[in-house]
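Knowing the structure of chain F, use the given hints to seat chain D on it.
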Amino acid sequence: MSSILPIGPFHPALKEAAYIKLEVDGERVVGGDFKVGYMHRGIEELATRKTYHSNIFLFERVCGICNTVHSTCYTQTVEALMGIDPPERAKYIRTIVFEAERIQSHLLWFGVGMHEIGYDTAYMYMWREREHALEILESICGKRVNFGINTIGGVRRDITPEKQRLIKTKLDILERTIGKIGKILVEDKVLEARVKGVGVLSKDEARRLCVVGPTARGSGVDIDTRRDDPYAAYQNIDFDVPVEEGGDVLSRTLVRLKELTESVKIIRQATAKLPKGPVASESLPLPTVGEAFGRVEAHRGELVYYLRSNGTNFPERVKVRTPSVVNNNSILPMVVGETIADVPIILASIDPCFSCTDRVTVLDTGKNIEKTYSFSDLRRGRIK
Amino acid sequence: MIEVINLMVGLLIYPGLAFSLAIGGVFYWLYRKVRARLQARIGPPWYQYFMDLIKLFSKESVIPYSSRGAAMVLAPIFSLTSLVLVAAMMPVGSESIFGFDEDLIVTLYLLAIPGLAMIIAGNVSGSPYGSVGSSREASIMVGYELPYVLSALTVGFHLRSLSISRIVSYQLESGAFFMKYPLATLAFLMCLLPKMGRRPFDAPEADTEIIGGPLTEYSGLLLGLFEVANGLKWFVIPAFTVNMFFGGAANPIEFLAKCLGVVLFLSVLDIIHPRYRIDQGFRFFFKWILPLALIDFVRSLIWP
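Taken in order, these protein sequences are the chains called F and D. Per this note's numbering, residue 1 is the first one in the first sequence, and the count goes up by one each step. Per this note's numbering, residue 1001 is the first one in the second sequence, and the count goes up by one each step.
This is chain F alone, in the form it adopts within the complex (with noise of 0.2 Å):
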């Protein structure tokens, strides 16, 4: 006999709303649903009536954690349709923008990982040394969040002697913090029992639910925009897709710890090898009336945006779809069979980001109503 478990719309496991009925019989998870769209700003709709300029800012912020992920993606596909090229230095600081952003991003995730599983004194020793991920970023773009350091065809500041200097003292310290979280993972036995064998995607479930980033690589995907696909100056960058075959929270776990190494490897390469000359184009084209398509790899996976073009300076349409609309794919699959102890750690281990649309549900437990309103029953006043 199952009972439903309701984790959601709020939860101390998850950092947005989100709701996840699960089907449990005692401890066991035997089925579920998932629902999002708590959170619907209508973004997309925001964007075809502002410029293409002050949509760089706005689509910074659809995720506060993985912003210039955001903008870079978008600037490059506005780019390709004004058919310009920025200056080589801009792409080598979007570079660098790009992989800090990306260690402190894992960095929290670690952090908010650590924390599912009651080990909050390794959350909060990760959140602390996050801090000289975001000292980095604070000295390239002078924000912690929302860096603002994009602009179509190049970026808005640059990187000095000094600021070099700075970030590469920076990283010195967070290779050590790295090593000293690859311990914890290796060592530590409890923490083994709670992620070892959990919440398996198999290789086949992962290409069959189209999964990305990490989730995907975790399996044994071997997929990675940066390489298959270069933009900014990665191309001339050498690095490693750290791939796991395991399909289960430690091996996520593990590609991530192993992408921390190569995202410190890729900064120290771009800032030694930063060429010099102008950071942003001086002439900007109108766009040409016509279609982009732009992609790059964001911390959660590959990000897409799309974008149309009538010749004005407004976007008529853009579509943006973010890794977690396919990852979230994959937690009912990943969930069903484990114990609800698990639940929360195997949903942190794909690093979600809700956002889409969705209805009002109004349930009276006295007389076991359920019943569902549409936004148009909202907006004409029908609910009593």
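Accuracy of the hints is not assured; some may be wrong.
As the list claims (entries may be wrong) - Simulated restraints, written as ranges between beta carbons of each label pair: (1) D:P1044 <-> F:E175: 30 to 38 Å; (2) D:D1279 <-> F:M39: 29 to 37 Å; (3) D:M1179 <-> F:V186: 34 to 42 Å; (4) D:R1068 <-> F:E245: 44 to 52 Å; (5) F:P333 <-> D:I1272: 28 to 36 Å; (6) F:R227 <-> D:E1060: 57 to 65 Å; (7) D:Y1047 <-> F:D240: 49 to 57 Å; (8) F:T169 <-> D:L1038: 22 to 30 Å; (9) F:E175 <-> D:R1068: 56 to 64 Å; (10) D:I1302 <-> F:E245: 50 to 58 Å; (11) F:P333 <-> D:Q1048: 41 to 49 Å.
These are calculated hints, taken from the structure and not from any lab test. Glycine included, every Cβ here is placed at the ideal spot set by N, Cα and C.
The following block gives chain D in isolation, referenced to the frame of chain F:
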């Protein structure tokens, strides 16, 4: 008349409710402070626990529509009463006010009640998180109560006595029991972690999994009573441990210092561990802790 006054003072002031709560509250703060400092945080001020109590007592207690009201009100009262009784019986220093010849058995029984109260609280609160929490509490209790009672009885069997005062006075003369029965002491200390709801065995109240576990639907005064019980636990359980294995003490100051040692030991274990899943925690107790307790228990029977 004098007896009644003595009884009331013993139950409500020293060493009962007021004293135990004050010391327990400070110990609980100490745990939180040490935890915060080791996690690179600042931590709460020393009066935080008491302010929390005042806040909870001044708030409305909501009893959900789908719960069974009477049992929901009674659960924290059971928990609190049993802990106050134990506190009153506990020898602080060498003398116990309400001690009697079989108080070890009564203490063991009474200290199981807070766990049972949690099970009741979760089951009657009408919340799915509560029922998951109470089923977890029940399974972890099955895991830890047996080694816990066995290791406590080891001491009793060694002396052929079930009086805590007798155990304390014996230790004052001929050395603490943790020297003689290190395995039982270790088993006992490990059992305290789930008893106090600490990591790695805090699965019944795992906040990231089942919100507040059995206490999810509790609020206001009723939650405040559970908080009082929690504060009492932070004094009563270390005090019981000190009396059983660490030689009690000749005076209250020394006694509190030893309790502090136990509190810090439990705090550090809590800080350095993630949370076990309930089946893993249960297996841990049966696989490692029960054999430890059994070895010393058998030793106390055959070769005291």
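We went through each hint and held it up to the structure:
Against the hinted window of 30 to 38 Å, the Cβ-Cβ separation of P1044 (chain D) and E175 (chain F) comes to about 34 Å, which satisfies the hint. Separation of D1279 (chain D) from M39 (chain F) is about 35 Å and conforms to the stated range, judged on CB atoms against 29 to 37 Å. Here the CB-CB span from M1179 (chain D) to V186 (chain F) is close to 36 Å, well matched to the stated 34 to 42 Å. As the Cβ distance of R1068 (chain D) to E245 (chain F) is approximately 51 Å, the hint placing it in 44 to 52 Å holds.
Range check, P333 (chain F) to I1272 (chain D): Cβ separation about 34 Å, and the 28 to 36 Å hint holds. At roughly 59 Å, the beta carbons of R227 (chain F) and E1060 (chain D) sit within the given window of 57 to 65 Å. Between Y1047 (chain D) and D240 (chain F) the C-beta distance comes to about 54 Å, which sits within the given range of 49 to 57 Å. A C-beta distance of roughly 26 Å is found between T169 (chain F) and L1038 (chain D), which places it inside the suggested range of 22 to 30 Å.
For the pair E175 (chain F) and R1068 (chain D), the beta carbons lie near 57 Å from each other, so the given range of 56 to 64 Å is met. Between I1302 (chain D) and E245 (chain F) the beta carbons are some 53 Å apart, a value that agrees with the proposed interval 50 to 58 Å. Under the hint 41 to 49 Å, the C-beta atoms of P333 (chain F) and Q1048 (chain D), about 44 Å apart, fit the expected range.
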